[in-house]
Amino acid sequence: MADSGVTDGPENRDDIERAKTEGKELTKEEKQRLRKEKKQQKKNKEKKDEKASRESDKEKKSAAPASQPPTQHTAQKAPLAVPASAPVPLPASEAPVPADKPAKSKAELKAERRARQEAERASKQGKKGEVGQQAATGKAKAPPSELQPVVKRLPEHIQVDNPDVLKKLAKKLERQQIPLRSDYGYKVSLFSHLHQYSRKAPLTQQLSIPSTVIHPAIVRLGLQYSQGIVAGSNARSVALLHAFKQVIRDYTTPPKEELSRDLVNKLKPYISFLNQCRPLSASMGNAIKYIKKEISNIPSQCKEEEAKRKLLNCIECYINEKIVLAAKAIAKYSIEKISDGDVILVYGCSSLVNHILCEAFEKGRKFRVIVVDSRPRLEGREALRRLVQRGISCTYVLISAVSYILPEVSKVFLGAHALLANGYVMSRVGTSQIALVAKAFNVPVLVCCETYKFCERVQTDSFVSNELDDPDDLIVTRKGKTQLEDWQKVDSLGLLNLVYDVTPPDFVDLVITDLGMIPCTSVPVVLRVKNVDQ
Amino acid sequence: FTGAVHGFLLSPIEAFLSDLKRGGSGTGPLRGSAETARETTALLRRITAQARWSSAGDLMEIIRKEGRRMITAQPSETTVGNMIRRVLKIIREEYARSRGKSEETDQQESLHKLLTSGGLSEDNFRQHFAALKANVIEAINELLTELEGTTDNVAMQALEHIHSNEVIMTIGRSRTVEAFLKDAARKRKFHVIVAECAPFCQGHEMATSLSEAGIETTVIADAAIFAVMSRVNKVIIGTQTVLANGGLRAVNGTHTLALAAKHHSTPLIVCAPMFKLSPQFPNEEDTFHKFVSPHEVLPFTEGEILSKVNVHCPVFDYVPPELITLFISNIGGHAPSYIYRLMSELYHPEDHEL
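Here the protein sequences come in this chain order: A and B.
For the record, in the first sequence the residue sitting at position 294 is 333 according to this note's numbering, with numbers rising by one throughout.
For the record, in the second sequence the residue sitting at position 248 is 230 according to this note's numbering, with numbers rising by one throughout.
Calculated from the structure, these hints are not laboratory results.
Don't be surprised by glycine CBs; every beta carbon is placed ideally from N, CA and C.
One should not assume that every hint holds.
Stated by the list, open to error - Derived lysine-lysine pairs resembling DSS-like cross-links, with alpha carbons at most 25 Å apart:
no. : chain 1 : residue 1 : chain 2 : residue 2
1   : A       : K450      : B       : K171
2   : A       : K405      : B       : K171
3   : B       : K244      : A       : K450
4   : B       : K244      : A       : K478
5   : A       : K520      : B       : K3
6   : A       : K332      : A       : K349
7   : A       : K328      : A       : K349
8   : A       : K295      : A       : K307
9   : B       : K164      : A       : K528
10  : B       : K47       : B       : K272
11  : B       : K272      : A       : K226
12  : B       : K3        : A       : K226
13  : A       : K295      : A       : K349
14  : A       : K332      : A       : K569
15  : A       : K70       : A       : K81
16  : A       : K328      : A       : K70
17  : A       : K342      : A       : K295
18  : B       : K216      : A       : K478
19  : A       : K305      : A       : K332
20  : A       : K528      : B       : K171
21  : A       : K376      : A       : K405
22  : A       : K206      : A       : K78
23  : B       : K171      : A       : K520
24  : B       : K47       : A       : K518
25  : B       : K290      : A       : K226
26  : A       : K239      : A       : K528
27  : B       : K171      : A       : K518
28  : A       : K402      : B       : K290
29  : A       : K295      : A       : K305
Said to hold, decoys possible - Residues of chain A clear of chain B, computed beta-carbon distances all greater than 10 Å:
no. : residue
30  : D289
31  : N304
32  : A366
33  : R517
34  : D548
Same shape as in the complex, but just chain A (with noise of 0.2 Å):
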């Protein structure tokens, strides 16, 4: 997932920005600046005095403190070597260079850069075999390719098992005054990388009320999330945006303060306490870079009223297009893939499948659905409430028994949380269990999606970035018995409960995004159209 808790730094931050969203090369100056940073970084680490280091690091980069983990993943990357599918986390991350560091002469430069790109290769095969994208990153001698030279940064929440990495997130969450949340019970050791929080502590049972540092609006919405009352990726993303409009309309700039710096730092400890109650989806991760970019594009002369009231008309812009129109958009182009007398298969509560779904209904189509659900999260009986309200007609059943079930069906529609660059679908956990049936018994499978939740990540497997629900979901009890109440006495016992899981692309059929209808296999090509549209 998109880790977006990063921000620009000061002066040469505007000019790496625009230089990487025009898609052009860095200038070598700038290349050689970020060297220049990235080497001062690795310095400051290997002095012994590790604290004096750190303090001195606060001082120069106090207007942008969440970067130093970043930066210290970047420093232990090979710079500017890997291609274009990189996170989405912002390219301009290793930007923040305070402007007081010593000139070096190119050859110094250059030897420091081979050194450190030894030392690098050394450590790196001393390493466990990690995510693929590390793989990636390991090419020290490749050129930068002519695509954006994005830097990669594994994101903190799939690197749990680093206690270093534990260890600058909790430091930067005190900075921020933003708790900790703490993991919890016995984690299976597969996913030893990832969080597993559990429903019953909150993270604000941890903060003071009223919370001097984060907004209340932030504060329900974070709550709200880690309960799951809002769930969903379109329901997220809208939630985080109604929350940052509002953020925004009670926000007035402090006085020597720039509007488009200031508001985006503001929003830095919001994204973080948003991270810590549930770990943001790549829909966020799209939106949040979207604000900042409009954000950080706001000229500096310009009126802090006026400025207000055109961020809050982009986010609005951005809602109703990439959200509401675009759900019209893939209506159309769906409803002339059903026909009469199809039978429906729909997995969990998609808000965009059931929105097409009603749409068909609308314009005369007959058919009738069949609404799979599956233990713990039961999210298709809310599907199914609101399909029966329109008059649909209705089957309901429960995942194992798909293959009764499939005989009768006609196709399949899946709704997706994200879509890889590798043309992976990322959706509830089940979707690639529908999809491998469905293929065996011949159904078409489509999925729906809309743009903005394409994603530069890639993924072969749902194991290397998942999500951990809690465990406890899992337990149930039957004719008065709870059988799994004692699990955590039992030592060998671990429940498993998974958010998300990938689906490999030749089980899928089409995907409908608003854009049209396209093979799994070209979601590159949208990403890459988009970047060059920015």
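Got chain A sorted already, so can you dock chain B onto it with the hints?
Frame of chain A, contents of chain B only:
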């Protein structure tokens, strides 16, 4: 004069029938198939001992009649029918032995035999042999001993199939698989992932039982089967019935599990003792599936939509033989293509339809 069942035999038969009727809906105490098989065989032995019959044909008639009643009480409990067919085959064998003919020629359905003599028909069972009763009862006792040892025999083979540090996946609860894994756990360390198998969630009991034996167990929801399958080395499942074509009638969710295993080329091993082998084929659509109360799936608390929605709660799944790698039974391991041969050893073709 056909045989008759004495009055005092009626009550145990009725008790057994009512047990069968209650046990199948998922609400009464769930009985393992091994128990049902044992009880059926014990009851058949009692019928043989206490009913009034003079020739093998009479006995077979009685057993068939009572057997039909037992099967109609709970059609999904196929072990009852299987045991009845085994006992019928025992009777035929003992009769043939008493007559002095070798068993081979009598039961072989060679084409020549079928054309010339038409096989051993019912009339031939009219002869009376004094020792037949004792022989039949003795043979049924052997069958009972075999039934008692099946789980152990299957579990004994565990170490041949499980190596250390494996990740094994299973679904729901099968006593045979439980014994199998516990036996292997005595000598090897491995990890088991149990799919909980909604809505009855029998996987939870399986997981607690395995973890008490010291096996590293993880419980996952049914929806995560495919997500987790890439890290699984073997899938070991139990089944309710093994069908005549080598397919399975297993708990719902097994077909998905088998497809996921096939996709990842993970071997699928079925631990099924011989008494689960049934001469049925999966073609009879209306008798294959069994449904229980949909309130397990959509409870009555969802009242306002209940009346407008169709809810299905099937109990079984059909798994085709192409997805299965190996059957492990009390007499060893077999490929699915060999099942039809085992069938001909256990049951007589005329008994396939009771």
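Regarding the pair K244 of chain B and K478 of chain A, is the alpha-carbon distance no greater than 25 Å?
-> holds (13 Å)
Compare the distance between the alpha carbons of K332 of chain A and K569 of chain A with 25 Å, and conclude whether the hinted pair is satisfied.
-> OK: K332 of chain A and K569 of chain A at ~15 Å, within 25 Å.
Would the pair K402 of chain A and K290 of chain B pass a check requiring their Cα atoms to be no farther apart than 25 Å?
-> Distance ~21 Å between K402 of chain A and K290 of chain B Cα, so the pair holds.
Pair hint outcome, K239 of chain A versus K528 of chain A [Cα-Cα no greater than 25 Å] | holds (18 Å)
Does K216 of chain B pair with K478 of chain A here, judged by a C-alpha cut-off of 25 Å?
-> holds (23 Å)
Straight-line alpha-carbon gap K376 of chain A to K405 of chain A, limit 25 Å = Within the cut-off at roughly 13 Å; holds.
Do the alpha carbons of K290 of chain B and K226 of chain A lie within 25 Å of each other, as the hint requires?
-> Violated - the C-alpha atoms of K226 of chain A and K290 of chain B are around 41 Å apart, more than 25 Å.
Hint consistency between K70 of chain A and K81 of chain A [alpha-carbon to alpha-carbon, up to 25 Å] | holds (17 Å)
Below or equal to 25 Å on CA atoms is what counts here, so check K332 of chain A against K349 of chain A.
-> holds (13 Å)
Does the structure keep K328 of chain A and K349 of chain A at a Cα separation of 25 Å or less?
-> Cα-Cα ~17 Å, so holds.
Below or equal to 25 Å on CA atoms is what counts here, so check K295 of chain A against K349 of chain A.
-> Status holds; Cα separation ~21 Å.
Has the given pair, K450 of chain A with K171 of chain B, been kept, meaning a C-alpha gap of at most 25 Å?
-> Between K450 of chain A and K171 of chain B the Cα gap is close to 44 Å, so the pair fails against 25 Å, i.e. violated.
When the structure is compared with the earlier hints, violations turn up for hints 1, 2, 11, 12, 23, 24, 25, 27 and 33 and for no others.
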